[in-house]
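**Q** As a plain string of letters, each chain reads:
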Amino acid sequence: MNDEILERLLIDDAMGQLPADVKALLAAHLASSPEARKIAEEIDATVNLAAKALPRPRIATPVPSPIPRLIGRDRIHRLLALAASFVAGAGFAFLGLKGATLRSGPAAPMPAVAQVSHPIPAARPPSDVERAAQSLPFWSNRRAILLSIATRHQRESRENP
Amino acid sequence: MSEIRELYQKHGGEVLGYLARRCPDGAADDLLQETFLQVARQPARLADISTPRAWLFGIARNLLARHFRARSESELLNAELSRDTMAADADPRLPAMREAIRQLPVELRETLELRLEQELSYEEIAAALEIPVGTVRSRIHNAIKRLRIVLTQTEEIQ
Chain R
1 MNDEILERLL IDDAMGQLPA DVKALLAAHL ASSPEARKIA EEIDATVNLA AKALPRPRIA
61 TPVPSPIPRL IGRDRIHRLL ALAASFVAGA GFAFLGLKGA TLRSGPAAPM PAVAQVSHPI
121 PAARPPSDVE RAAQSLPFWS NRRAILLSIA TRHQRESREN P
Chain W
1 MSEIRELYQK HGGEVLGYLA RRCPDGAADD LLQETFLQVA RQPARLADIS TPRAWLFGIA
61 RNLLARHFRA RSESELLNAE LSRDTMAADA DPRLPAMREA IRQLPVELRE TLELRLEQEL
121 SYEEIAAALE IPVGTVRSRI HNAIKRLRIV LTQTEEIQ
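Taken in order, these protein sequences are the chains called R and W. Sequential numbering from 1 applies to the first sequence in the numbering used here. Sequential numbering from 1 applies to the second sequence in the numbering used here.
Here chain R stands alone, though its shape is the one from the complex (with noise of 0.2 Å):
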């Protein structure tokens, strides 16, 4: 057999991780060969001292368990997680919902302007100018003349009442 793989299913069985129809073969070597007797006693020795230097701690008894009690807080820290994240949703939708209606809705009502009333000039009855001048063709030159006299006159009349 290989040193390779004597060592290694050596090692293996002093590990206590050999299959038991490979140990029976190996016992069977072992058995035949002083040399790998000597490699195996070795390798045994290696993993006693090691497992002396590794001692399998005392087990230590845990206090009565605190699972159940953990568990619960746990779940009272993802629920409270929950609902603040709902909280802080609801929040915000509210937020948001009040700015979209702020925008969209209707329009504060604007201030008050003055309104400035104009008097309308009461209808006056045409003079006898106007009407000469309305009795003649719209481009003449005369109509235009009567017409101007007319403003002037009625400005003046305004002017001076």
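The hints are simulated quantities; they were obtained by calculation from the structure and are not laboratory data. Be a bit skeptical, because a hint or two may be false.
Below 27 Å or equal to it, Euclidean Cα-Cα: the simulated BS3-like pairs (lysine-lysine) are [as the list claims (entries may be wrong)]: (1) R:Lys38 / W:Lys145; (2) W:Lys10 / R:Lys52; (3) R:Lys52 / R:Lys38; (4) R:Lys23 / R:Lys52; (5) W:Lys145 / R:Lys23; (6) R:Lys23 / R:Lys38; (7) W:Lys145 / R:Lys52.
Using the hints, position chain W against chain R.
**A** Same frame as chain R, but now just chain W:
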């Protein structure tokens, strides 16, 4: 809930021992509780898992790593040998063996400890460390080869 309680009764002690040995700062109890909390958060996985013990050690190991993330990994692993393993012993080769184990690369040492200290099978170690069984076997072989050389040299000197 009853499965978790049963798991705690069955393996809580050894997981606490594993954590306490590696946690000189007294955080072992908290880490134990966190380990089982993580189990409780994955009830479906607990039902499916074939080696709950290995799973527990895997969770505990990851929590330890997170706990010690601020420190170097070697510091974490060196801290553990400074306590109960220093008890009085009769074998004069033990100090050399302890030193040799301490000098092993972290991954070899961790694998060896899970086998010799926690008595996890190769398959359980593979599940705990999330590595192939072949890698576990290879690490154990490498570790024992190195320790054997040290032991031989120590015996020659003595």
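**Q** Indicate, hint by hint, whether the structure satisfies it.
**A** Status of each hint after checking the structure:
{"no.": "1", "hint": "R:Lys38 / W:Lys145", "in the structure": "15 Å, holds"}
{"no.": "2", "hint": "W:Lys10 / R:Lys52", "in the structure": "25 Å, holds"}
{"no.": "3", "hint": "R:Lys52 / R:Lys38", "in the structure": "21 Å, holds"}
{"no.": "4", "hint": "R:Lys23 / R:Lys52", "in the structure": "24 Å, holds"}
{"no.": "5", "hint": "W:Lys145 / R:Lys23", "in the structure": "20 Å, holds"}
{"no.": "6", "hint": "R:Lys23 / R:Lys38", "in the structure": "17 Å, holds"}
{"no.": "7", "hint": "W:Lys145 / R:Lys52", "in the structure": "17 Å, holds"}
In the structure shown, no violation is registered for any of the earlier numbered hints.
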